[in-house]
Amino acid sequence: MSELLEVRGLRIEAPKKDGPAIQIVKGVDFDVKAGEVVALIGESGSGKTTISLGSLAYTKPGLEFSGGSIKLKGDDVLTMEPSEVRNLRGNRVAYLAQSAAATFNPALTINEQVTESAVLHGIMTQDEADARAVELYHALELPDPDRIGFRYPHQVSGGQLQRLMAAMALVGRPDLLVLDEPTTALDVTTQIEVLKAFKKVIREEGSAAIYVTHDLAVVAQVADHIVVLYSGEVQEQGSVDQIINHAKHPYTKRLMAAAHAGPKPGMGDKLTDKHDQDTDNIQVKNMTAGYGEIVDGKPAITVLRDINMSVKNGHVVGVIGESGCGKSTLARVIAGLLPPAQGDIIMDGHTLKGLYKNRSKKDLQKIQFVYQMADTALNPKQLISEIIGRPVEMFQNLSGQKNREKVAEILRLVELPVEFAERYPSELSGGQKQRINLARSLAAMPEIMLCDEVTSALDSIVASNVVKLLKRLRDLTGVSFMFITHDLSTVAAFADEIVVLYAGRIVEQGPVDEVLSPPFHPYTRLLISSVPEMRIGWLEETMKKREMAVGIARGVEITDVGCPFYNRCPIAISGTCERVTAPTYELKPGHFISCHHDAKTILDIERNPQQVLHGFEKAIPDEKIAIIAE
Amino acid sequence: MQRMVIQRIFIGLVTLWVVSVLVFVGTSVLPGDVAQIVMGQSATPETLAAYRAANGLDQPLYMQYATWLGGMVTGDLGISKAGGASISSLIGGRFGNTMFLAGVVAIISVPLSVILGLIAAMYPATWIDRVLTFGTLSLISVPDFFIATFMVLIFAVNLGWLPAIAHISPEDTMMETIRASAMPLITLIIVVSAQMIRMTRAGILNVMNSPYIEMSILKGVRRNRIIVRHAFLNAIGPIVNVVALNLAYLVSGVVIVETIFAYPGLAKLMIDGVQTRDLPLVQACAMIFCGTYVILIILSDVAAILSNPRLRNPK
Amino acid sequence: MTDSKKIMPTIDCVSSMDREAIKNGLSRGASRREVMGWLMAGGATIAAAGSIVSSATSAMAATPKKGGKITFASDLHGPSDTLDPGLGTSTIDYTRARTHYNGLTQFNDDTSTRPELAEEYSANANNTEWTFKLRKDVKFHDGSAFTADDVIYSMGRHYGDKSTSVAKTLVADVTEWVKVDNHTVKAVMAGPNGDLPKILATSNFKMVKDGTSEFQNPVGTGPFKLKSFQQGVRSEHVRFEDYWREGANADELEIFAITDKVARTSALLSGDIDLMQALDPKAVPQIEAADGVGIWSVASGAYIGIAMMSNSAPGNNPDFVLAMKYLQRREKIVRSILKGQGTVGNDQPINVAYGPDFCADLPIRDHDLDKAKFHLEKSGVTEAEIQVAEVAPGTTDICLLMQREAQKIGLTLNINKVPNDGYWGAVWMKTPINVTTWNMRPTANVMMNLAFAPTAPWNDSLWSNDRMGELLIESRAVTDMGLRHEMYCEMQKLIHDESGMIIPAHRNYLDAKSDKIEGITRMPLGSLGGYEWPEFAYRTDV
Amino acid sequence: MTDKTASTEDMSVYDELPDAPPKKKIKLTWVGKLGVSVVLFWVLMVFIGPYIAPFHEADIIAYDSFMPVWSETEGEGFHLLGTDYIERDILSRVLWGARTTIGISFLATMFAYLVGVTLGIGAAVAGGWVDMIFSRVNDAILSLPSIMLGLLIVVALGTSIPILILTASVIYAASVYRIARALGQDIMVMDFVEAARVRGEGMWYIITREVLPNAIMPLATDFGLRLVFVVLFISSLSFLGLGIQPPMADWGSMVRQNLDGLGYGSYAAVWPALAIASFTISINLIVDDISASEGGTLARKMIS
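Protein chains in written order, with this note's numbering: chain V, 1 to 630; chain C, 631 to 945; chain E, 946 to 1487; chain L, 1488 to 1791.
Heads up, a few of these hints could be off.
Said to hold, decoys possible - Result set (PhoX-like, lysine-lysine): computed pairs, CA atoms no more than 20 angstroms apart in a straight line:
| id | chain 1 | residue 1 | chain 2 | residue 2 |
| --- | --- | --- | --- | --- |
| 1 | V | Lys60 | L | Lys1788 |
| 2 | V | Lys16 | L | Lys1514 |
| 3 | E | Lys1154 | E | Lys1131 |
| 4 | V | Lys73 | V | Lys16 |
| 5 | E | Lys1084 | E | Lys1010 |
| 6 | E | Lys1014 | E | Lys1170 |
| 7 | L | Lys1514 | V | Lys17 |
| 8 | E | Lys1084 | E | Lys1113 |
| 9 | L | Lys1788 | V | Lys16 |
| 10 | V | Lys73 | V | Lys33 |
| 11 | E | Lys1113 | E | Lys1081 |
| 12 | E | Lys1172 | E | Lys1124 |
| 13 | V | Lys60 | L | Lys1520 |
| 14 | V | Lys471 | V | Lys264 |
| 15 | L | Lys1520 | V | Lys17 |
| 16 | V | Lys60 | V | Lys26 |
| 17 | V | Lys264 | V | Lys545 |
| 18 | V | Lys600 | L | Lys1788 |
| 19 | V | Lys199 | V | Lys544 |
| 20 | V | Lys471 | V | Lys312 |
| 21 | E | Lys1170 | E | Lys1084 |
Just so you know, these hints were derived from the structure itself, not from any lab.
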């Protein structure tokens, strides 16, 4: 195979008016062969995105090429004339950004944006481009492919937008595709679907690609060749097999270590008995909540329906589900940010007021909410000392020297140097900010911390460090956690109990090892099998599983009657499931499932999937059969 | 979307009412009584009394307000306390003049400023941008009566190309009218455009940092298309708002230009009203101005809604 | 315009009859010296005689041309513009009144009166009854004839509580207007008043048609008919062909205002207007430098005054008042602020413009800081505030100058500039120290009676002097010139010494015109020759 | 930082990498620096102007009005910029005027901000009826032409420097209110504000410690522009004769009073006009420079 792209000694720096330039990329070499997918992996700050953009002769504002060459089919993009560069971009090399939501222009129709570059570069006429786009929509398995192009970006879902961006990149049949973390922001179920689509079209189009990510498991599925980066330098590169199965370089090993193994029972550590762990810390009883005006116990938009759950002292309860299933809402209701329409939240034996305004200072202190994005959760204009010191002052009435000492103590607790007290959030890295974010909640000396996706925005290594931290905190302070995430592996490693939410209902809950071992609720099963494993060929295998086909083909539909999972359920009993709300029964002590099938049936189905077929065909429309067949 | 528009309109009405109260109270606390001012130096107590009685100035304030508001609602603007002419007749012609002035200025300056603003935004920190920035800055940075007088000296007195005063009359043809009002037109176009150019530029640069602009660059889209198609569409909201405010200014705020060019417009009429303590006149003008402002703002809001798909057709 | 640049009062003591005689004499070819001789014999000063001759000659010089349009810009207009002569208060009102109406009597340039709609008028022995014989050939714009009834109606509008006339006080002492016959009316007076003809010559007493109550399209006897009128915008007038005398020269008049003085000047320079009222003294050099335009400056008795109210401190302290009077740098004011378009004032309202009634022997009070300091210390006043509005061009600057002088003698004089609008109602005569301005009045007596009589409603300084009151009354009846002059001198001295009114300068009526316009009168009772120009002005370029 | 949680020793060399290099501070271009220096010059004049001026602002010393640039009055001295319409030294008046014009405008803008920001942020934080009422009244004020509002207030209360400041403050507080409110609303929805609320923080803390610090920067730039408007507003008031009290020199009225001179080539009106322009333009240049260094960076990457 001939070299499509040759990167040699690439250097990129951030020039400074005063002092020497900061080196971002320090001499990087790698090649991309035609039709090959090369993955650049590393943490944020490793320069992977900067390098990938280099192949479009582009640097983010404030950065400059300072050396080396990037040859596309022999001609160096760094020395091109502006006109050539413009022709290069979108035509010969196409870019897929991480967040499609931000990258699509909200004011233009999808179709205009998808076809734009192809038409501008005179590769094809508008009509040809439109036809080509529709063809790609079909290939990417987008719903309503013939008309989706006329919609505006805000009118389609995140996963669809991500695929539409793929269409945008591919429409001009570029030689090289640059995918920058294209699935990081997505739910597992969506991610697998997008991955599948990408892989399919890349194969069909035969175009080469640079795939930028920090997620080895994903890389294992899509890449042929892997380049491991750390702070602007290549640490190790080789074929997928080499890197995944026989990594040599310590840094690569470390990445592997941090990367998720598929969620299995027994990954979590045993509870220490330092603290009382038998009494309920917080209890949610028959709670229904939602947004909009509440009319006799029913909100305009119902998000959560009769939720019953509890968190024991010192326990970690993982709440999982796809985005939109109401997991964050659950936490907000408990925190008093959203008063429930029905039901009670009971803490230490008394019912909490619905709205935080009406709760006692004591109650406010006991429950602490930890936001997902440290960037928006920390006031950029306050010193760390104030961010942490304020709750200390409020809830522990410590001021002056005592306050400073306490802040220092907390900083140590979250493994940050004491000097950070005098810094502003903007001066810290993502992981450090997240630790401050946790520290602020800790400073209140809470009984329970509600952590909303605190690791989702972080790189695998940083994330795993944060989880380690949480574990230590739990052991040290005996605080309980409600850990909200869409990442099963993390939950498997951290939680004591799991609550599986689907479309605002709890479909399964119980001790982590119980929930993660058969029999599974069909939805739990879908989630588990959607988590990418660091195993070449995993994606294909998984896609062959029939329940994946249907589960992934459909989106969440919030229904008032019947089982909400009906339309995605491979074992749905048509006539029953869509009509009757599923009964909730206790499999083992503390392990509940809501399903029309009893435990035995479910287990049987687990053993020999053929049985599935009967309920399965009903649940699945014809046009999907084809895909399943392949 | 209808709901939004209706909401805007309702808010507008409330505003109008608040203005009516503000203006009425505001004007009636002015020192020096109408009679005294109208009758001039040589008035005697009797003549004054006679005058007050004749004009209902002896009634309590709230009574006057009630009567007036009633009139307003039924479209009766009342009688000018000075001169005794009906206010509608006083306003009638001037309203036309003002609208003509504002209209022509708008037609010319709005496209002009938007285009120049776009150009400036297209080449930021280049010489063309600097020239535009500095030019517009200089124009909005000197008092407008200075600009106006300067223009008169150049075009009317020295060159004698244009009349120094805007002498327009109904029987003039369009062209005559335009020539007659050339000076105020030019002055206003300069003053107003300068503002709008700057705002357009700012508005565009504001959205220039969004990821979708970077994406369009990475798609190899040409500079001018990026600005016109990608950036401008998203900046319409704020830009339209600025345009609306400037138009409102053209209707109500151009006292100085009207004075210097003896252009019979509403703004000057209102100032005269204040000076002659002609309260009904002042109030009527105030309501007209506020009305125009409210309408323009509503229009700009609607435009903003239309330019934004999210608001235009939600999911 | 050379003659108008030097300050030249065109006032003399010759009656209008003699004036006609002189004109005839000149036209018969009498030499300038001869005429001068007659005049001197008549008792006129050389200057005055010279002036009248030259004005007569200039009047002779060119014969008016007919046709064309004259555009006039005044300094103020607004919603309160009116065509009802009884309501007129501003130059633009007076000017318009002059175009549509006539009075019973009319002013000469020397402020003496001549018959207008009354072909002759006369008083009884003791000036208590005036009889007016009306012309029989006068037609209104609607064709109807002018009769005694119209006079009775017109004058009636100035009486009674319902009357909104702004001038009713001036004719208050006429107890009754009697229609003798269709073309004769008689005014019966409460007391002797020789000045009635002059009062009737003022704008507010123009004759309107019997029964007229609506003035948007006025019906008068005047030289022009109304073509269009919009308050605060403009009015247009066309010549009335059936006018009872020779009539107007211009075919059309256009009258409006440019309130911004700079803009007004520019409009004249650019040729957009032919006549402008109220030229700012600052702009005199600009006009003189420009071609095709000139100033029209008429010396008059009009004055700018600083009133120190005698009813409150510090105005009630004679020493303070005196100190302030000594502070005035009168020549500097005339030169620097009025740019020469005025005459030095002597803290009393009468100046040479009033002719024989002016007391020339009264010495000008000079700028004298020592005296000022002396009196100030005597008064013990150290700080005072003066309310200033630009009631006449230069008023503020006069006060600024005074402020600087005051500083030199240790007096802190705070100037509070207040807006012109509302000034007369809210500030004038209501605050301890304020500014005022008066137009020239037809006679010295009227002037002093209006502003300095103990009972006068507009005695700006509230200066109340009984002797003054007596003199004013007595002097009206006196016929002996010598005695009359003595009395007037005494009155002027009284004001000069005792009143709280500082009169640092008399201002010319300073207007400007295009060189293409001639025939403008020089009557010093108002702008542009006392608003008389509409009938007489003409274009030289038609 | 060193990561103590690293599982094995040999890996501890690989720290968590910092994010992309932190945004560097706003660097002014030469244009911006020029602006700063001019503004500083005038600010300096505000303090020392009257002391270095050759004459007192009210001195009527020359022998002739509208004397040309660089002319002399015997025994008095040179008139670097000539004299004005009543024979006062222009240079001196321009120098004195700096204090009046800039001083008054600054105070007015300050008050406008005090009121506008307090009410605006207040309305944003309180919301509900308070917001409704404030905003309507505010709209009403905005809907009236400022010059007319000014006229009404000045005519009602008379012209004095305090009144002038009050007038300008009232008028401009309205527009400040709008901006402050908008900013406030944006910040109020941020997580850190919510966090403070659930913590049970009071209104005062939220406004002063959470909202305001984040609103300062945008408000500061707006302050500059507002100041410019006030300067021009006051000068247009002086057009109607409602400006600053004579003999105090303020640039606006100086332009106004000396306009007649323009007609026959006197620069008396030009100098104060230049003073206004130089001051206002400079402020704008600074503001532009700041906003440019924020926005427009991508724009430079465009290819035509």
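Checked hints:
Restraint check: the Cα-Cα separation between Lys60/V and Lys1788/L comes to about 9 angstroms, which is no more than 20 angstroms; the hinted pair holds. With a CA separation close to 11 angstroms, the supplied pair Lys16/V and Lys1514/L stays within the 20 angstroms bound. At roughly 18 angstroms between alpha-carbon atoms, Lys1154/E and Lys1131/E fall within 20 angstroms of each other, so this suggested pair holds. For the proposed pair Lys73/V and Lys16/V, the alpha carbon gap of about 34 angstroms is over 20 angstroms, so the pair is violated.
Of the pairs offered as hints, the one joining Lys1084/E and Lys1010/E is violated, with about 24 angstroms between alpha carbons and a cut-off of 20 angstroms exceeded. Distance restraint check for Lys1014/E and Lys1170/E: the Cα-Cα separation of roughly 14 angstroms lies within the 20 angstroms cut-off, and the hinted pair is therefore satisfied. Proposed proximity of Lys1514/L and Lys17/V is supported: the alpha carbons are some 9 angstroms apart, at most 20 angstroms. Note on Lys1084/E and Lys1113/E: the hinted pairing is violated, with a Cα-Cα distance of about 26 angstroms set against a maximum of 20 angstroms.
Restraint check for Lys1788/L and Lys16/V: the C-alpha separation of about 18 angstroms stays at or below 20 angstroms, so the hint holds. Distance check on the hinted pair: Lys73/V and Lys33/V sit about 10 angstroms apart at the alpha-carbon level, within 20 angstroms; holds. Restraint check for Lys1113/E and Lys1081/E: not satisfied, since their Cα atoms lie roughly 27 angstroms apart, outside the 20 angstroms limit. Annotation: proposed proximity of Lys1172/E to Lys1124/E is violated, straight-line Cα distance about 33 angstroms (limit 20 angstroms).
Restraint check for Lys60/V and Lys1520/L: the C-alpha separation of about 26 angstroms exceeds 20 angstroms, so the hint is violated. For the suggested pair Lys471/V and Lys264/V, the alpha carbons sit about 18 angstroms apart, so the restraint of at most 20 angstroms is met. Between Lys1520/L and Lys17/V the alpha-carbon distance is near 15 angstroms, which keeps this suggested pair within the 20 angstroms criterion. A C-alpha spacing of about 16 angstroms is found between Lys60/V and Lys26/V, which places the hinted pair at or below 20 angstroms, so the restraint holds.
This hinted pair checks out: Lys264/V and Lys545/V have alpha carbons roughly 19 angstroms apart, not beyond 20 angstroms. Between Lys600/V and Lys1788/L the alpha-carbon distance is near 63 angstroms, which puts this suggested pair outside the 20 angstroms criterion. Pair hint Lys199/V plus Lys544/V holds up; C-alpha atoms about 15 angstroms apart against a cutoff of 20 angstroms. Between Lys471/V and Lys312/V the alpha-carbon distance is near 16 angstroms, which keeps this suggested pair within the 20 angstroms criterion.
Taken as a hint, the Lys1170/E and Lys1084/E pair is honoured in the structure, with Cα atoms around 12 angstroms apart against an allowance of 20 angstroms.
Of the numbered hints given earlier, the model fails hints 4, 5, 8, 11, 12, 13 and 18; all others are met.
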